[in-house]
Amino acid sequence: MHQKSPSNDDRSEPSSASMFITPLVLTVIAVAGSFLVYYQFRANATKGGANSRDIAQEARDDLTKRNFKPLSEPMEAILKDPSYESIPTQSHPALLQSASPLNLKDTEGKSWDLEAARANGPVVLVFYYGYHCNHCVSQLFALDKDLEKFRELNAQVVAVSADPPELTLERYKKYGPFHFPVLSDSGNKLAEAYGCYTPSPKAGEDGNLLHGTFIIDRDGRIVWTNRGDEPFIENRTLLREIARIEGRLPASPPTK
Amino acid sequence: MISKKRNVATLVVKVLAVLLAFPTLCWGGVEPHVTFKVEDGWIALTLRKQGQPIADADLRIIDERGGAFASGQTGVSGESTFPMPPGKSFLVEVKIGERISDPIRIYQKGAEVEPSRVLLSFGLKPCCRNVYAKQSAEGSTTNDSIQLDDTSSPWIFVFAQLLLASAAVGVWLVLFRHDARNSRSMENDDSRSDERSA
Numbered sequence: 002m003h004q005k006s007p008s009n010d011d012r013s014e015p016s017s018a019s020m021f022i023t024p025l026v027l028t029v030i031a032v033a034g035s036f037l038v039y040y041q042f043r044a045n046a047t048k049g050g051a052n053s054r055d056i057a058q059e060a061r062d063d064l065t066k067r068n069f070k071p072l073s074e075p076m077e078a079i080l081k082d083p084s085y086e087s088i089p090t091q092s093h094p095a096l097l098q099s100a101s102p103l104n105l106k107d108t109e110g111k112s113w114d115l116e117a118a119r120a121n122g123p124v125v126l127v128f129y130y131g132y133h134c135n136h137c138v139s140q141l142f143a144l145d146k147d148l149e150k151f152r153e154l155n156a157q158v159v160a161v162s163a164d165p166p167e168l169t170l171e172r173y174k175k176y177g178p179f180h181f182p183v184l185s186d187s188g189n190k191l192a193e194a195y196g197c198y199t200p201s202p203k204a205g206e207d208g209n210l211l212h213g214t215f216i217i218d219r220d221g222r223i224v225w226t227n228r229g230d231e232p233f234i235e236n237r238t239l240l241r242e243i244a245r246i247e248g249r250l251p252a253s254p255p256t257k
Numbered sequence: 009m010i011s012k013k014r015n016v017a018t019l020v021v022k023v024l025a026v027l028l029a030f031p032t033l034c035w036g037g038v039e040p041h042v043t044f045k046v047e048d049g050w051i052a053l054t055l056r057k058q059g060q061p062i063a064d065a066d067l068r069i070i071d072e073r074g075g076a077f078a079s080g081q082t083g084v085s086g087e088s089t090f091p092m093p094p095g096k097s098f099l100v101e102v103k104i105g106e107r108i109s110d111p112i113r114i115y116q117k118g119a120e121v122e123p124s125r126v127l128l129s130f131g132l133k134p135c136c137r138n139v140y141a142k143q144s145a146e147g148s149t150t151n152d153s154i155q156l157d158d159t160s161s162p163w164i165f166v167f168a169q170l171l172l173a174s175a176a177v178g179v180w181l182v183l184f185r186h187d188a189r190n191s192r193s194m195e196n197d198d199s200r201s202d203e204r205s206a
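Just so you know, the sequences run in chain order A and B.
The opening residue of the first sequence carries number 2 in my numbering; numbering runs sequentially from there.
The opening residue of the second sequence carries number 9 in my numbering; numbering runs sequentially from there.
Derived from the structure by calculation, the hints contain no laboratory data.
Just to be clear, a hint being listed does not mean it is correct.
In the BS3-like style, the derived pairs of lysine-lysine whose C-alpha atoms are separated by at most 25 Å in a straight line are [claimed, not checked]:
1) LYS190(A) - LYS106(A)
2) LYS57(B) - LYS103(B)
3) LYS66(A) - LYS45(B)
4) LYS175(A) - LYS111(A)
5) LYS203(A) - LYS111(A)
6) LYS133(B) - LYS190(A)
7) LYS190(A) - LYS70(A)
8) LYS66(A) - LYS133(B)
9) LYS203(A) - LYS133(B)
10) LYS81(A) - LYS45(B)
11) LYS81(A) - LYS146(A)
12) LYS133(B) - LYS45(B)
13) LYS57(B) - LYS81(A)
14) LYS146(A) - LYS106(A)
Computed spacing ranges between beta-carbons, pair by pair [as the list claims (entries may be wrong)]:
15) VAL177(B) - GLU59(A): 47 to 57 Å
16) ALA76(B) - GLU247(A): 32 to 42 Å
17) LYS190(A) - VAL46(B): 36 to 46 Å
18) VAL46(B) - GLN58(A): 48 to 58 Å
19) LEU181(B) - LYS190(A): 57 to 67 Å
20) ALA188(B) - ILE30(A): 19 to 29 Å
21) LYS106(A) - VAL179(B): 53 to 63 Å
22) GLU153(A) - GLY75(B): 38 to 48 Å
23) LYS133(B) - GLN58(A): 22 to 32 Å
24) LYS133(B) - GLY205(A): 19 to 29 Å
25) ARG107(B) - GLN58(A): 29 to 39 Å
26) VAL46(B) - GLU149(A): 45 to 55 Å
27) GLY205(A) - LEU181(B): 41 to 51 Å
Residues from chain A that face chain B, not an exhaustive set, calculated with beta carbons under 8 Å [stated by the list, open to error]:
28) THR28
29) SER92
30) LEU210
31) ARG228
Since the structure is predicted, the reported quantities are computational estimates derived from the model, not experimental observations.
Note that CB positions come from ideal geometry on N, CA and C, so glycine has one too.
I would like the entire structure built from these sequences, with the hints used as guidance.
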């Protein structure tokens, strides 16, 4: 007499519950997995090309391409050099007018106030797009290299972008800090006040940002400005303009 | 042979010229600049580009109230003169060919005017970063960072995963049924062989 194995019964009669539970479990796992994959992908993309690139090196390469050389000669020689013609200021609605008030947080969360700063000397104010744009940040590298020359004229350099302080700090950890304040202008409000940012008429779209360099004198007036699609890296011009407003320029530069 | 040497020399000169011009192009010195000088109550304006005078440029002087005060053209030496407009400031517009400069506001300061030198701008272009952002959105390669498209939705991933899950469930069901059918047929075979043996 052959007897039926009980295991055969179990295999041939699966419970109706497992018919529903198994696909349900698989679906839940698939949905959860897809969310995980998506957020991982998004996190990697947000860190951006920035994490996979060496922005500092790209900025230095950009300066080399622009033939930038740090100023090595003494200040007297920089100011006296008769062969050098300073780049004139551009026109600007606020040229020779009072600069818009500026009070923003630096990377350490401290407030930086223009009015307090200019009491100590002229201010070089630079608007740059942010520490993800290699040629924008190259101007900051150029200023950092010649910072001692600016300090010699009691001038202060300050850079502004819409980058949050945390992002700038992150870049500092990776590439080293700049030795002047870098301020956070959330929403480019200050850049807009200085005519360096035009919001887009379309909601949710990026506005247009210009590179902007301003020299503000001790009285709070904008005395020199340059804006455009390229960073301004002629520090010699900035130093001579500062020396001029401070009455330290030996003789007026020759004009052709 | 001589012409070949001449061609090489011309090429070298051209390359050198480009290399020398590059830094100038970079700092924007390529645009013309205007110099203002007060002489006997008149203003002498000189228009130059890289040291060379620009002749036949159209000039328009607008007084403080917004009214047209004077107009004219620069001469061969790039110079033009006009009397000092009334008021504390006035505007100067320069048209070179088809390009009209952004207006320059000049202020009277005693016997002088300031600014005395101005680099002309012709409708400032935004930072090329904006262009890069647009290019990357259009799928072009860019030297700059790539912006994440915030409009991308997790539901695309969910939908894709659901499709995969459905396929997996489908396969599982097919295998399950196949397994059940095999079991049933084995059971039938067993019962038939039982009957035969009985």
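Sort out whether LYS106(A) lies within 25 Å of LYS190(A), counting only the CA atoms.
-> With Cα atoms ~13 Å apart, LYS190(A) and LYS106(A) stay inside 25 Å; holds.
Mind checking the alpha carbons of LYS146(A) and LYS106(A) for me, to see if they're no more than 25 Å apart?
-> holds (23 Å)
25 Å Cα cutoff - pair LYS81(A), LYS45(B) = holds (22 Å)
Using 8 Å as the Cβ threshold, decide whether THR28(A) counts as touching chain B.
-> OK, holds: THR28(A) within 8 Å of chain B, min 5 Å.
Kindly confirm whether 57 to 67 Å is satisfied by the beta carbon distance between LEU181(B) and LYS190(A).
-> Cβ of LEU181(B) to Cβ of LYS190(A): about 60 Å, so the range 57 to 67 Å holds.
Does the Cβ distance between LYS190(A) and VAL46(B) fall inside 36 to 46 Å?
-> Cβ of LYS190(A) to Cβ of VAL46(B): about 39 Å, so the range 36 to 46 Å holds.
Does the interface hint hold: is LEU210(A) within less than 8 Å of chain B, judged Cβ to Cβ?
-> holds (5 Å)
Can you let me know if the beta-carbon spacing of VAL46(B) and GLN58(A) is within 48 to 58 Å?
-> holds (50 Å)
When you take the CB atoms of LYS133(B) and GLY205(A), is the distance between them in 19 to 29 Å?
-> holds (23 Å)
Taking 25 Å as the top limit, are the C-alpha atoms of LYS203(A) and LYS133(B) close enough?
-> This hinted pair holds, its Cα atoms lying about 19 Å apart.
Could you say whether the range 22 to 32 Å given as a hint is met by the Cβ separation of LYS133(B) and GLN58(A)?
-> At 27 Å between Cβs, range holds.
Per-residue hint verdict: ARG228(A), partner chain B, C-beta under 8 Å = holds (5 Å)
Hint compliance for this structure: hints 3, 5, 7, 12 and 26 are not met, and every other hint is.
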